[in-house]
Amino acid sequence: MEDRIISYGGQAVIEGVMMRGQNAFAVAMRAPDGSIAVHTEKLAEVYRSRITKMPFLRGVILLWDALGLGMRALTLSANTQTGEDEKLEGPALYLTLALSLTFGIGLFFLLPAGIGGWVEHWMSQTNTAIWVGNLVEGALRLLILIGYIWGIGFMPDI
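In short: position in the sequence shown from 1, add 526, done, that's this note's numbering.
By construction, these hints were calculated from the structure, which means they are not laboratory data.
Computed from a prediction, not measured in an experiment: that's the story for all the values here.
A portion of the hints provided could be inaccurate.
Distance windows between CB atoms, simulated [said to hold, decoys possible]:
| id | residue 1 | residue 2 | range |
| --- | --- | --- | --- |
| 1 | Ser-561 | Ile-656 | 53 to 63 Å |
| 2 | His-565 | Ala-655 | 50 to 60 Å |
| 3 | Ser-575 | Trp-644 | 20 to 30 Å |
| 4 | Trp-676 | Ile-531 | 37 to 47 Å |
| 5 | Met-649 | Leu-671 | 20 to 30 Å |
| 6 | Trp-590 | Thr-654 | 39 to 49 Å |
| 7 | Ala-618 | Val-564 | 23 to 33 Å |
| 8 | Gln-548 | Phe-629 | 53 to 63 Å |
| 9 | Ala-655 | Trp-676 | 25 to 35 Å |
| 10 | Ser-650 | Tyr-620 | 21 to 31 Å |
| 11 | Ser-561 | Thr-628 | 32 to 42 Å |
| 12 | Ala-557 | Pro-581 | 33 to 43 Å |
| 13 | Gly-632 | Ala-570 | 26 to 36 Å |
| 14 | Ile-562 | Ala-665 | 38 to 48 Å |
For every residue, glycine included, the Cβ atom is placed at its ideal position computed from N, Cα and C.
Produce the complete structure using the sequences and hints provided.
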């Protein structure tokens, strides 16, 4: 018998869990009436094709897959809880993901790195410019993270 390693993954959703296998994903969540609602879908062929075996492309495709499936699963579980039928698919899903990634990368990585680089450039005549630039960059990242956590604490659902 051949021993095959099969990978599974998942994430938490509102009142449930999403699990992803090689060919399909499923979301199981508790409905407002107390029953368990289950939704399953087959994955698109691109996730099982040869292109996912190429090192760099595999990472890009699987990251996009994880973000897209995660958003779909969270939307599905939120719809189950509220009784609404809001769809987040196609262009709306991709635009949301692109804007979220751009904002997150810009806020948490590019902004602190840019300000830290500016501090290094401004202090370029001193021997401690690199140290101070790195310190400023790290402190900014920490302040942004703490501010983000503090800010979302004001949301009524959290």
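Verification of the hints:
1. Ser-561 / Ile-656: 53 to 63 Å: holds (59 Å)
2. His-565 / Ala-655: 50 to 60 Å: 55 Å Cβ-Cβ, so the 50 to 60 Å window holds.
3. Ser-575 / Trp-644: 20 to 30 Å: This hint is violated: roughly 44 Å between Cβ atoms.
4. Trp-676 / Ile-531: 37 to 47 Å: holds (43 Å)
5. Met-649 / Leu-671: 20 to 30 Å: Holds: the Cβ-Cβ distance is about 25 Å, inside 20 to 30 Å.
6. Trp-590 / Thr-654: 39 to 49 Å: Roughly 41 Å apart at Cβ, these two residues keep to the hinted range, so it holds.
7. Ala-618 / Val-564: 23 to 33 Å: This hint holds: roughly 25 Å between Cβ atoms.
8. Gln-548 / Phe-629: 53 to 63 Å: violated (32 Å)
9. Ala-655 / Trp-676: 25 to 35 Å: holds (31 Å)
10. Ser-650 / Tyr-620: 21 to 31 Å: The hinted range 21 to 31 Å is violated for Ser-650 and Tyr-620, with Cβ atoms some 42 Å apart.
11. Ser-561 / Thr-628: 32 to 42 Å: Between Ser-561 and Thr-628, where Cβ atoms are some 39 Å apart, the hint holds.
12. Ala-557 / Pro-581: 33 to 43 Å: holds (42 Å)
13. Gly-632 / Ala-570: 26 to 36 Å: holds (29 Å)
14. Ile-562 / Ala-665: 38 to 48 Å: holds (46 Å)
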